[in-house]
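Asker: Residue numbers (our numbering), protein chains in the order written: chain A, 3 to 407; chain B, 81 to 234.
Just so you know, these hints were derived from the structure itself, not from any lab. Hints may contain errors.
The following label-pair restraints were derived from C-beta to C-beta distances [to be verified]:
#1 A:Glu391 with B:Arg149: 35 to 41 Å
#2 A:Pro236 with B:Pro97: 36 to 42 Å
#3 B:Gln176 with A:Met286: 27 to 33 Å
#4 A:Lys401 with B:Gly107: 48 to 54 Å
#5 A:His144 with B:Arg148: 46 to 52 Å
#6 B:Lys229 with A:His144: 34 to 40 Å
#7 B:Glu85 with A:Arg165: 37 to 43 Å
#8 A:His253 with B:Phe116: 27 to 33 Å
DSS-like cross-link-like pairs, simulated, lysine-lysine; straight-line CA separation at most 30 Å [stated by the list, open to error]:
#9 B:Lys205 with A:Lys71
#10 A:Lys62 with A:Lys42
#11 A:Lys71 with B:Lys229
#12 B:Lys194 with B:Lys205
#13 A:Lys71 with A:Lys308
#14 B:Lys205 with A:Lys62
#15 B:Lys161 with B:Lys194
#16 B:Lys205 with B:Lys115
#17 B:Lys229 with B:Lys161
#18 A:Lys308 with A:Lys401
#19 B:Lys205 with B:Lys229
#20 B:Lys161 with A:Lys308
#21 B:Lys229 with B:Lys194
#22 B:Lys161 with B:Lys115
#23 A:Lys71 with A:Lys204
#24 A:Lys401 with B:Lys205
#25 A:Lys209 with A:Lys71
#26 A:Lys401 with B:Lys194
Just so it is clear, CB atoms sit at the ideal spot from N, CA and C, and this is done for glycine as well.
In case you want the letters, here they are:
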Amino acid sequence: MQWSRVIALLALACASCTAPAPMEGHAPGPRTFPASDIAKGANLAALGNCVTCHTAPGGKPFAGGYALKTPFGTVHGTNITPDEATGIGRWSEEDFRRALREGLNPAGHHYYPAFPYAYFTHLTDEDIHALYAFVMTREAVHAETPANTVVVPRFAVAIWNARYLHPGPARSDPARDASWNRGAYLADSLAHCSDCHTPRDKLGGEKSAEYLSGGDVDGWHAPALNEHSPSPVPWNVEALETYLATGLADHHAISAGPMRGVVDNLGRASHGDVHALAVYIAGMERSSPHRARGSEAADSSAQRGKQVYAGACADCHTRGRSADGGALPLEEAIALAIPTPSNLIHIVRDGIVPREDRAQPWMPAFRGALTDEQLVDLLAYLRTIDGVEWNDLNEQVRKADKEPG
Amino acid sequence: MITLEVNGHRHDVDVDPSTPLLYVLRGELALNAAKFGCGLGQCGSCTVMVDGEAIYSCITPVSTLAGRRITTVEGLGTVDKPGPVQRAFIEEQAAQCGYCIPGMMMRAQALLEKNPGASEDEIRKALEPNLCRCGTHMRILRAVARAGKLMGAK
């Protein structure tokens with residue numbers, strides 16, 4: 003046995019059990035934290051879906067480089083590993099807190115609000131400490147973050163902040179139980195649900211009066227989660243908890259688009275916290291049955307679309323979910339009930355790809371199999387199922403991102 | 081009656097419009113290269129090309145294919161004069177049982193027509209929808225890379 007290895011092992015063991023306080027100020031070098039803080043931070047990072055925007059496709063976790071397209075240009079998720087040159091290795095906990103709460107880097111420059119500090123601003127000191135312990139103990143990866151292509155100068159963000167950044171604790175309601183309050187705190191801070199699920203104004207700020215009334219992100223529609231929820235089958239706590247933890251609940255569509263990363267991460271979060279999110283969100287949803295069904299397909303495009311449906315879709319979608327490849331009846335699919343056909347276009351073109359780590363329903367991609375005109379016809383038919391008002395279908399199909407979503 | 085253009089030849093077929101293309105290819109036109117694997121668009125053994133794109137013929141109804149250009153392995157070359165993808169698969173001996181190979185070849189053809197210089201990563205990504213249960217993946221990858229060189233060279 004080599005003594006150097008023993009010492010190294012002891013040092014590793016100590017790294018996860020002793021608790022020297024991190025140095026304040028710009029103190030480089032490895033940091034040590036109690037294992038409990040790191041574990042708590044790991045759970046919080048999963049709830050915050052941090053890894054999705056801070057990891058490039060195929061890249062090392064948290065090393066940055068993910069391109070987030072916004073109406074104002076492309077913003078890249080930064081390297082938040084403890085690499086000193088390209089990550090946040092030189093950040094003090096105070097630097098980290100200021101980034102999360104105020105959207106400022108250690109030099110005092112503004113981050114763009116694509117970084118959800120307008121939500122993280124509500125985080126407690128304890129949770130910020132745990133997140134710091136978690137990120138500072140990740141593998142340090144040397145990776146420069148690509149330059150952003152945002153047309154708005156950074157100083158203009160100060161004006162945005164004056165209007166849209168509201169520091170202070172998250173909402174709480176003593177009349178509600180602990181689960182609801184925990185869910186409200188998580189939803190409005192770390193989980194930043196309303197970042198996607200609330201519509202935005204022209205300045206990219208949330209329309210706060212329309213909290214969780216549905217928004218648009220990356221070419222997908224994030225459905226309303228409040229009483230305006232278009233879900234054909236009303237959500238309850240149990241179904242929503244299952245959905246958030248696995249991406250799949252009975253009588254509801256499987257998660258897709260930007261929500262995929264969210265549920266992948268929530269699957270690693272504590273059951274209690276996911277339950278709390280479900281309690282808070284499902285408490286807002288309507289509980290009544292869905293509105294009246296749409297009318298029978300009338301125009302010629304819808305008639306052609308009905309034939310496309312009969313040949314390409316009905317074989318699976320009329321059978322209901324089953325082990326032999328049956329799929330969700332489209333009367334239960336939320337993509338047919340939201341205000342835009344964008345999600346349906348993505349799903350038809352690119353299908354639903356199952357997670358690599360578990361058996362899940364999938365849907366084959368119809369990219370190439372259906373022409374744009376046939377897709378328009380299909381949409382013209384499918385919009386009659388829930389009676390949604392989708393207009394300019396040609397334009398919608400044209401503008402939908404042609405790359406896999 | 082629906083008119084299909086397969087490998088440059090026009091065929092009038094009298095089938096229900098929702099019939100999958102695969103059934104027409106095999107059952108009506110005796111073009112047996114494309115295989116029935118899962119029938120659900122999951123395994124890729126039925127892959128053919130439509131207007132230059134690889135598609136699952138088992139879930140594509142013929143009603144959507146009038147006037148479109150369908151290509152199967154039979155359209156890539158002959159025994160005497162194999163096309164570059166066929167040649168490369170023979171030269172690399174990429175088939176074990178061979179059931180997945182026509183789908184692999186068509187998926188590869190669609191890729192290489194657009195990008196004959198596809199990198200190994202691009203080839204792996206493009207072929208991801210197609211499954212092989214014998215495990216000749218490494219030979220298939222080599223065959224596709226070789227086919228890319230043959231196509232780029234001509």
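Asker: Now tell me, hint by hint, if it's right for this structure.
Answerer: Hint check:
Checked against the hint of 35 to 41 Å, the pair A:Glu391 and B:Arg149 passes, with Cβ atoms roughly 36 Å apart. Distance hint check for A:Pro236 and B:Pro97: the Cβ-Cβ separation is about 37 Å, which falls inside the suggested range of 36 to 42 Å. One distance hint, 27 to 33 Å for the beta-carbon pair B:Gln176 and A:Met286, is violated here, with the actual separation near 55 Å. Remark: the range hint 48 to 54 Å for A:Lys401 to B:Gly107 is contradicted by a beta-carbon distance near 40 Å.
For A:His144 and B:Arg148, the Cβ-Cβ distance of about 50 Å falls inside the hinted range of 46 to 52 Å, so the restraint holds. Separation of B:Lys229 from A:His144 is about 35 Å and conforms to the stated range, judged on CB atoms against 34 to 40 Å. A C-beta distance of roughly 59 Å is found between B:Glu85 and A:Arg165, which places it outside the suggested range of 37 to 43 Å. Distance hint for A:His253 and B:Phe116: a CB-CB separation of about 32 Å, consistent with the stated range 27 to 33 Å.
Note on B:Lys205 and A:Lys71: the hinted pairing holds, with a Cα-Cα distance of about 23 Å set against a maximum of 30 Å. With a C-alpha separation of about 22 Å, the suggested pairing of A:Lys62 with A:Lys42 holds against the 30 Å cut-off. Simply put, A:Lys71 and B:Lys229 have alpha-carbon atoms about 36 Å apart, too far for the 30 Å limit, and the pair is violated. Straight-line distance between C-alpha atoms of B:Lys194 and B:Lys205 comes to about 14 Å, which keeps the hinted pair within the 30 Å bound.
Using a Cα cut-off of 30 Å, the hinted pair A:Lys71 and A:Lys308 is violated, with the two alpha carbons roughly 35 Å apart. Between B:Lys205 and A:Lys62 the alpha-carbon distance is near 19 Å, which keeps this suggested pair within the 30 Å criterion. This hinted pair checks out: B:Lys161 and B:Lys194 have alpha carbons roughly 22 Å apart, not beyond 30 Å. Taking the CA atoms of B:Lys205 and B:Lys115, the gap is near 22 Å; set against the 30 Å cutoff, the hint holds.
With a CA separation close to 17 Å, the supplied pair B:Lys229 and B:Lys161 stays within the 30 Å bound. For the given pair, A:Lys308 sits about 23 Å from A:Lys401 by alpha-carbon distance, which is consistent with the 30 Å threshold. Note on B:Lys205 and B:Lys229: the hinted pairing holds, with a Cα-Cα distance of about 18 Å set against a maximum of 30 Å. Taking the CA atoms of B:Lys161 and A:Lys308, the gap is near 43 Å; set against the 30 Å cutoff, the hint is violated.
Taken as a hint, the B:Lys229 and B:Lys194 pair is honoured in the structure, with Cα atoms around 13 Å apart against an allowance of 30 Å. At most 30 Å may separate the alpha-carbon atoms for a hinted pair to count; B:Lys161 and B:Lys115 meet this at roughly 22 Å. Proposed proximity of A:Lys71 and A:Lys204 is supported: the alpha carbons are some 16 Å apart, at most 30 Å. A distance of roughly 25 Å separates the Cα atoms of A:Lys401 and B:Lys205; the hinted pair therefore holds under the 30 Å criterion.
Between A:Lys209 and A:Lys71 the alpha-carbon distance is near 20 Å, which keeps this suggested pair within the 30 Å criterion. The suggested pairing of A:Lys401 with B:Lys194 holds, with an alpha-carbon distance near 23 Å, which does not exceed 30 Å.
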